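Trainee: With the hints in hand, could you dock these two chains into one complex?
If you read the sequences in order, they're chains L and F. Taking the numbering used here, the leading residue of the first sequence gets 1, the next gets one more, and so forth. Taking the numbering used here, the leading residue of the second sequence gets 88, the next gets one more, and so forth.
Simulated from the structure, these hints should not be mistaken for laboratory data. Certain hints may be false.
Unchecked claim - Going by beta-carbon spacing under 7 angstroms, a handful of chain L positions derived as facing chain F:
| # | residue |
| --- | --- |
| 1 | 19 |
| 2 | 20 |
| 3 | 24 |
| 4 | 37 |
| 5 | 48 |
To be verified - These stretches of chain F come out as covered by chain L in the derived footprint (C-beta under 8 angstroms, 3 or more residues):
| # | region |
| --- | --- |
| 6 | 145-154 |
| 7 | 166-175 |
Claimed, not checked - Calculated Cβ distances over 12 angstroms to all of chain L for the following chain F residues:
| # | residue |
| --- | --- |
| 8 | 89 |
| 9 | 162 |
| 10 | 207 |
| 11 | 209 |
| 12 | 229 |
| 13 | 313 |
| 14 | 367 |
| 15 | 387 |
| 16 | 400 |
| 17 | 483 |
Predicted model, so just to flag it, every value in this text is computed and none were measured. C-beta: ideal position from N, C-alpha, C; glycine also.
Here are the chains, one letter per residue:
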Amino acid sequence: MTRDQVRQAILNIISDIAPDEDLGAIKDEEKLRDQFDLDSMDFLDIVMELRKRFNLEVPEKDYQELVSMASSVEYLFPRLKDDELVS
Amino acid sequence: MNYDVIIIGSGLSGLAAGIRLAMFEKKVLIVEKHVEVGGLNSFYTRKHRTFDVGLHAMTNYTPKGVRTSPLGKLLKQLRFKHEEFRLCPQEMSEIRFPDKSIRFTNEFEFMEQEIAEQFPSQIDGFQKLLTHIREFNELDLDDSQKISSREVLESCLTDPVLIDMLYCPIMYYGNAAEGDMDFYQFVIMFKSLFMEGFAKPIGGMPYILKLLVDKYQSLGGELRMGAGVQSIAHKDGELQSLQLENGETLVADKVISSAGIVETLRLCRPKIVAESDLEIGQMSFIESIFVLDRMPKEVGYDKSIVFYSTEPRFKYRVPKGLTDVTSGVLCCPANFQYPEAPPEGIIRVTNQANFRLWDAMARSDYRAAKKEYRERGVNALLTYFPDFSDHIIYIDSFTPKTIFKYTGHLNGAVYGSPTKIKSGRTPVKNLFICGTDQGFLGIIGATLSGISMANLHILQAEAKSEYGRI
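Pulled out of the complex, with its shape left as it was, chain F reads as follows (with noise of 0.2 angstroms):
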């Protein structure tokens, strides 16, 4: 079977890249390996409860009618209404550290505020700042060169602290990097965050992807599930064809593949890349899911999501130990203004985690870990909000081990590698990376990234060169 574009992985990148293709007929495969569509951003059931894995919240939200936002082309790309996504804002969060408080809405003046009455020394070079920000482009496929977005950062405040606030829910919702992140991640995560805002689908994730995926469908889009790809194989640094674990072999004249820079490049046969040439990205984490027996509120979360460390100072880098209990993230999925109240009190909690260590440990000892560090977290949260223990109905976690094993994604790095390749090109011609690695964060990047790179290397062909620029 000979097709245009045969795309790996089924997450939003894939699902996107596959719309764009189909769109404009193009005959299109998209190969997952597991049961379910979605990769890092997917769901999973249990005592039939369905959460959503990777989604706190959607970020980059911006209201009906705002076009030139990542979202307005987005749902232009793929032609969805922005009711289809169903979204609904955040109501209020938080970063919270010792003695400091920084709320923030999907209304920027808000925060900005907050700066100014928490950190009356530092507004001036908060606007400076957020001059550097506006005025550049992140979104240039072109642009190859690193900035240090600490060094930035420290040319506009003078307070640590600050630095470290507005890091903590940047670094937590997308930097692959340990301790530094490159300044144009810093701008997609800083507007996606704090300049859009958050948002919640109704129906979480299972309701976005079955969107995606029935349009992929409706437009003539094959999708194979439970069809792992073995290798890729190129003669003198040219495609020819997948090989998929059950042996079966398939031609495209291109591939598209959303499992990661490292991740791909193994995948090809004869070898091209030594492996220690690649940076693995390290970061991953551990979230538990704790259903109540009521609402958040009622026990005193009134956040839609609190960014939080413990510690005057904020720490992102693999920690020494199984779990650094010291920062995290809490989520209260039910503080969105949902037309109807969810049906469950839900709280989630995501601390920063060791994919190695996790990984090592017997079956008993993780399982006892699981509980040891779920507890610990919660002991954590204590230092600024109440105990819901005794409400606790249902419990669940997953680690960094448990991310590798459902997305493939070495060490479980949910941000992939720290390296980016922004224009999607690897050193086997016609096979091409998109999503975590391509380098667009969080929900909307990802999906945008699947478009940007089926406009540029199969859409453009037909077109110019222009295309495919966001």
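Here chain L stands alone, though its shape is the one from the complex (with noise of 0.2 angstroms):
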């Protein structure tokens, strides 16, 4: 995946966990919990839904790292470079 493929995933994955937001309005320097009030529950959804389609382990220490879809494109690139983008 390119940096920009990983950061369609997060939206797809973002719009699947809350389908009532429009993601056309996203800024990636904000956070994303301030944007779409995200709890803690949201949070561990995106992280349930990257093992699921892209058999990847997020650890708890670096939960921060997807604070923002800036910060999560910088965590997630390196580690879904080899991935295929799915939906």
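Mentor: Here it is in structure tokens:
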């Protein structure tokens, strides 16, 4: 996956777990929590979706890396670059 | 056949737990003993009409965009869009007592204003109560201390009539105990009824249930109808297997039961708890459904829901006789903001009823008593409302006996045992409960119960301990 595809993969996950949100207005540098009122349960859904879709384990100490779209791409790109984008 | 999880019961909590587990690729089976899904919030058909049971309105209504409310959390966890629930908000409801009336809408400020006008001496105390309510974390699964809501209310309010008027809707819509109520449950109900609000889905319970069943099955979840559980086998306090009434044995790593705590423990073999140690719920109801030849508004019924007492003081307890008609709930399902008026006008009336007396009756007496108490219930309504008897085209009633027959909840206790198990844990390892006896109340509460128990006890094992907190 390219960086753009990693970003798209994250967008796909967020749009699945928060179907009411308009993701077109997402600001990559801002905290996801603040933009979409995501709580700890939602973050764990993101983590579980990463496992389900890409067989990727995000250890608890790394959860903070998923705080914004930009930091998520930064963290996930090296780990997903050999994966294919799936919906 | 080995499953990751078997869920007992296809009510809202069981279906919600099933969706969460199937979503994360657990092999999951729901076993339902009845032929319809829904449990305490189901529906039935008579003479080509479908009636909801358990649903006057969905409480906890918040509009689209409110993400942190129970409804908002539920939608995210089950991955529905707000509009998929097709919720139509109420118009106006009322608490009606002799000489006093408090009207309320889905805008809480309106109710505060009503209380200020009707009970001017109580408004400071009411604000103090609101502070207690707002600051309380009613969804803390670990908090097991018992606080009497009556003591809290009496510490804030000095007019017993106002206390009774607040209790009337709250107890009717969710109290398993008589007389008093745990404060955390009071807070759940207060928020869900007054600070959030009422709505009804277009299509009623059949629509909501189909939405959940379709999602569950599309995620690969299995559902077996007419599959009652005979027993839950355990060895040294650890879950082994389930035996169905047809003799089949099923094996799962974990079981989540929505049958009720007492009902679930009674299935365990060998027996683990003396039955006398278990607190069984007592509160049950009779409900009559009147189909009219016109809309309720045309006969003078303009509120969505009215909680009433014809006596100055409201009592919530198992009546000494078959039914207590001096208080009740009156619901006009048409008086919600539907885009199109429903095909027929319906009035529903609910009163407190005594399971033991209804259950003991011979069949012919039972039918006559249903008719008699239906009429007494309508007569009591005439204290406040016009007579609609001339416009009735169809009548049906269900009693505590009916509720027991179709849901298996002992005593027809629709709100389950007064003892709630917030953690969902049972004395048997890997056997958990969800639903009404786990302690989240109402339709949205039951659904959240299933979600939080699936999260806490199954998905958490693969994530971190904070998981499952709502």
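Trainee: State for each hint whether it applies.
Mentor: So, going through the hints one by one against the coordinates:
1. With its C-beta approaching chain F no nearer than about 5 angstroms, residue 19 of chain L sits inside the 7 angstroms limit, and its interface hint holds.
2. Checking residue 20 of chain L against chain F by beta carbon gives a least distance of about 5 angstroms; that is within 7 angstroms, so the hint holds.
3. Given the 7 angstroms rule on beta carbons, the hint for residue 24 of chain L is violated: about 16 angstroms separates it from the nearest Cβ of chain F.
4. Annotation: residue 37 of chain L was flagged as interfacial toward chain F, and the flag holds, the nearest CB pair being 4 angstroms apart, inside 7 angstroms.
5. Given hint, residue 48 of chain L at the interface with chain F, holds; its Cβ is 5 angstroms from that chain's nearest Cβ, closer than 7 angstroms.
6. Requiring three or more residues with a Cβ within less than 8 angstroms of a Cβ of chain L, the coverage given for the region 145-154 of chain F holds, as 3 such residues are present.
7. As drawn, the region 166-175 of chain F meets chain L at 4 residues by the rule of a beta-carbon pair under 8 angstroms; at three or more, the given contact holds.
8. Listed as a non-interface residue, residue 89 of chain F keeps its Cβ farther than 12 angstroms from every Cβ of chain L; the least gap is roughly 21 angstroms.
9. Not every CB of chain L is more than 12 angstroms from the CB of residue 162 of chain F (nearest about 7 angstroms), against its label as outside the interface.
10. At roughly 38 angstroms, the least C-beta separation between residue 207 of chain F and chain L is larger than 12 angstroms, which holds for a residue marked as non-interface.
11. Distance to chain L confirms residue 209 of chain F as a non-interface residue, since its nearest Cβ pair spans about 35 angstroms, more than 12 angstroms.
12. Distance to chain L confirms residue 229 of chain F as a non-interface residue, since its nearest Cβ pair spans about 15 angstroms, more than 12 angstroms.
13. At roughly 33 angstroms from the closest C-beta of chain L, the C-beta of residue 313 of chain F stays outside 12 angstroms, upholding its exclusion from the interface.
14. No Cβ of chain L approaches the Cβ of residue 367 of chain F within 12 angstroms, the least distance being about 33 angstroms, so the stated non-interface status holds.
15. With a least CB separation of 39 angstroms from chain L, residue 387 of chain F remains clear of the 12 angstroms interface cut-off, as annotated.
16. At the 12 angstroms boundary, the C-beta of residue 400 of chain F stays outside the reach of chain L, the nearest C-beta of that chain being 42 angstroms off.
17. Separation of residue 483 of chain F from chain L is adequate, the least Cβ-Cβ distance of about 38 angstroms exceeding the 12 angstroms criterion.
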